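Novice: Chains A and B supply the protein sequences, listed in that same order. Residue 242 in the numbering used here sits at position 104 of the first sequence; the count goes up by one each step and never skips. Residue 223 in the numbering used here sits at position 85 of the second sequence; the count goes up by one each step and never skips.
Check before you lean on any hint, since a few could be wrong.
Where chains are identical, the list cannot tell them apart; a pair therefore holds if satisfied intra-copy or between any two copies.
When the alpha-carbon atoms are kept at most 30 Å apart in a straight line, the in silico DSSO-like pairs for lysine-lysine are as follows [what the hints assert, rightly or not]:
1. K152 to K632
2. K394 to K152
3. K394 to K293
4. K632 to K269
5. K323 to K152
6. K302 to K323
7. K489 to K293
8. K489 to K269
9. K269 to K293
10. K323 to K269
None of these hints come from the bench; they were simulated from the model. On a predicted model such as this, the values are computed, not experimentally measured, just so you know.
Number of protein chains: 2
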Amino acid sequence: MPAKATPSHPRNIKDIQHWDRETDVAIVGFGGAGGCAAIEAADAGAQVTIFELASASGGSTAMSSAEIYMGGSGGTRVQRACGFEDSTEDMFNYMMMAAGPQADEAKIRNYCDNSQAHFEWLVDHLGVPFKDSFHEERAIMCLTDDGLLYTGSEKAYPFAQQAKPCPRGHNLYIEGDNGGPLFMKIVTENVDRREAITVEYETRALTLIVDDEGSVAGLVVRQDQQELNVRARRGVILCAGGFVMNEEMLQRYAPKLLRGNNAIGNPGDTGTGIMMGMGVGGAAINMHEGFISIPYYPPASITYGIVVNDKGQRFINEDVYHARLCQAILDQQSDRFYFILTVEQYGDYEKFNFMAADIAGTGETVQELEQELGLREGSLQHTIAVYNEDVANGDDTLCHKAPQWLQALEPPLVALDITPGRGVFVPMFTLGGLDTLPGGEVLTPQREVIPGLYAAGRTACGVVRTAAGYSSGMSVGDATFSGRMAGRQAAARKT
Amino acid sequence: MPAKATPSHPRNIKDIQHWDRETDVAIVGFGGAGGCAAIEAADAGAQVTIFELASASGGSTAMSSAEIYMGGSGGTRVQRACGFEDSTEDMFNYMMMAAGPQADEAKIRNYCDNSQAHFEWLVDHLGVPFKDSFHEERAIMCLTDDGLLYTGSEKAYPFAQQAKPCPRGHNLYIEGDNGGPLFMKIVTENVDRREAITVEYETRALTLIVDDEGSVAGLVVRQDQQELNVRARRGVILCAGGFVMNEEMLQRYAPKLLRGNNAIGNPGDTGTGIMMGMGVGGAAINMHEGFISIPYYPPASITYGIVVNDKGQRFINEDVYHARLCQAILDQQSDRFYFILTVEQYGDYEKFNFMAADIAGTGETVQELEQELGLREGSLQHTIAVYNEDVANGDDTLCHKAPQWLQALEPPLVALDITPGRGVFVPMFTLGGLDTLPGGEVLTPQREVIPGLYAAGRTACGVVRTAAGYSSGMSVGDATFSGRMAGRQAAARKT
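Kindly generate the complete structure, drawing on both the sequences and the hints.
Specialist: Okay, here's the thing in structure tokens:
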């Protein structure tokens, strides 16, 4: 495991014979968080050096769709142009529900209060393009160049009942799933344009350097097989991603994610940044949580179907974000899960087959399907009879799926096997990291600030805390915003 | 918060002017873990000092029933006398299932391989009395003086299908729920009898002392408003309990537990030991997990009833250990939960009313009860019709409750409201702590040993890792066993 090679013990400044590099702000990792941190720190007057393990910038942001979750304050330019007024309170309430009981209220408050301004920074300051158009169809990512879409559970129970729904997923102005590369191209150009920023590629961060008071004074990196001592006069910002590529850490901290079969991230997501922070006394929190999902749409029409467990029971509204449905699946006492569709709905699904589910059974009647699936006699029949009755009344009494997705399930029917571990596509990534203040300052278990140390993006534990409340765009939203916060705080640090 | 007062930063040995105390092994906390650690270390030839915050020994062990989970190797004396042969493999398989995906195989292996010997040590070496008698009735704690009972989900699905059931809960030879005080009285007498052990009460551990290599060399304690520097030549063992009394830590690490309403532990369970360990680079793991329960039995007869959610569905076999049922409740997408009983079963329950649940509704017919509970029409009727059909066939097709607990639900019926947050008794305590080797050595995030530092009992993350797999007796079993392991390793450490 690459992560094993990283020593957790920091070095003491007294043992440093000479400095190979000196800078105001040293940043570990050049993804979305590191790039935005560097820009913000440089613009605040600091000299900045980014150390990136890979040969190029990008990180996991470049591999993503780079949807960015933004809104509030009446709405971004795109939201308003598309006819949506978004209140900060609705956004705040939604994000608090999404983060669950482990929500960091101060961080979410700061994110929502400044989200519209973040949009403007991205657009006006960096030049990130968004088209003023709304993508209406339910989608997991936007394959058109539309600028705005719903990317979470905003319109679904129980969120819609407590926060007025508004689309907040901002999609870059480019066709296809190409937002990530474009976004990082723009960020990288902005970095390259700033003389105050130096980037050193193919450089591995090894450990932090601390003084006797426990303040972080720099870090040790390895480049060309040489160890270099880097003095960071104002601070070090860890933006080295999460730990989804470190199987040992997953086993120890987030074993739930091992039920996934597709780690989403870049090869550098080995937890190095988190462990460097822990090595100087930083608290890692929410380490057990992660995004784990069964992305069952597109097509949007699959939402008309129902999901049942091995008791033939429905247990969640199928119009939620896909990771929320997956979390509900993992939480069930059940060995098997099926998506039940009409033949017409299956026809739609077949064209995409995004989640790669096999057909588990078909039936000319519900009873036949029930038998073929080996479900208890009468169980699926009861479930579908109740569902169809509720569809007729326009009210999903059991699971509260929104009326727009209610359509009678008339045989012939098809059941897709969506049991994790049976071939279905189950992507995952981590949601735990270093505890930080909204400004990015890394905290000890007592929430005391470790002077000179900041974290952002997935290395920190950000505004997103649960799979059950995840919305697409929250990761890149958090990475870019938290990167900026950390860059600003580090640049302003008096030493 | 008392925990706030504890600095996480260790002191450096170079800054220590003089030693106020010198010992081979310093132990923080005199509960079950600390006491057993001290005895084992002293018996291995070490000089030992225990520092205890309270004015007396006891810790949370003294407040517990002190059931001790033991078995394997053919069976303890009590198991064999009661006619049970217990294989180490069955015990191992059960405990691995119980610990879930985050199981520590090496630790569970060591626990099971040496469990029978642990029984003998407790009996022969300390003088802990167990009666050779089996308590047959399903109970949450043993109010008789019987020596053995089932205390978990051993006989329930899916455990029974993968590990031959055997009772492993050993109950001290004393009437009533008085095992804890008796157990700690015996441990304390053993400690007092040993000249090599000194106990300093009313002494608060503040922080650890490390040398430049990161080895733990001692600790700082406060006594009579004075700070004392303690040199621990061979090691420090942290046995300071968990963090269920630290609301801020619960919020940050284990928000799930905030749904409980009764913290189980002593006032010292503020996470001090865990934080002292983290302060020197120790990894805290499984911090999100905790025991949280709705203890619904006694009476055992309540197990004949069924539990349903707000959709009127059953979702788990009701013959599991109570904390497993509670975990399933917390995992459901449901706002309300009911225990459905016949009037006769309710009569039994009324005599105990251990979980303090209110009556949510009654019905001369199932339909009437369904209406009274505001459940969807037909939902509870379907569930009970299916259940009664399965009862008649002796096979709980949906949830696999064991045949012995299948009894038809014939009206009139009573529904108890067991929704967490509506008055029902929901005890909780933490199950996360410092990552340790089976010998108690505290580990960094890279699983490197921190020389001179050990942890045991709830301060460490032990063999028990989930509420869903918890069995009574695992905590005191783990505390006493892990205490001994740490005591032995610390005493043997060459410095």
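Novice: Tell me the numbers of any earlier hints that the structure contravenes, in ascending order.
Specialist: Of the numbered hints given earlier, those the structure breaks are 2, 4, 5 and 6, listed in rising order.
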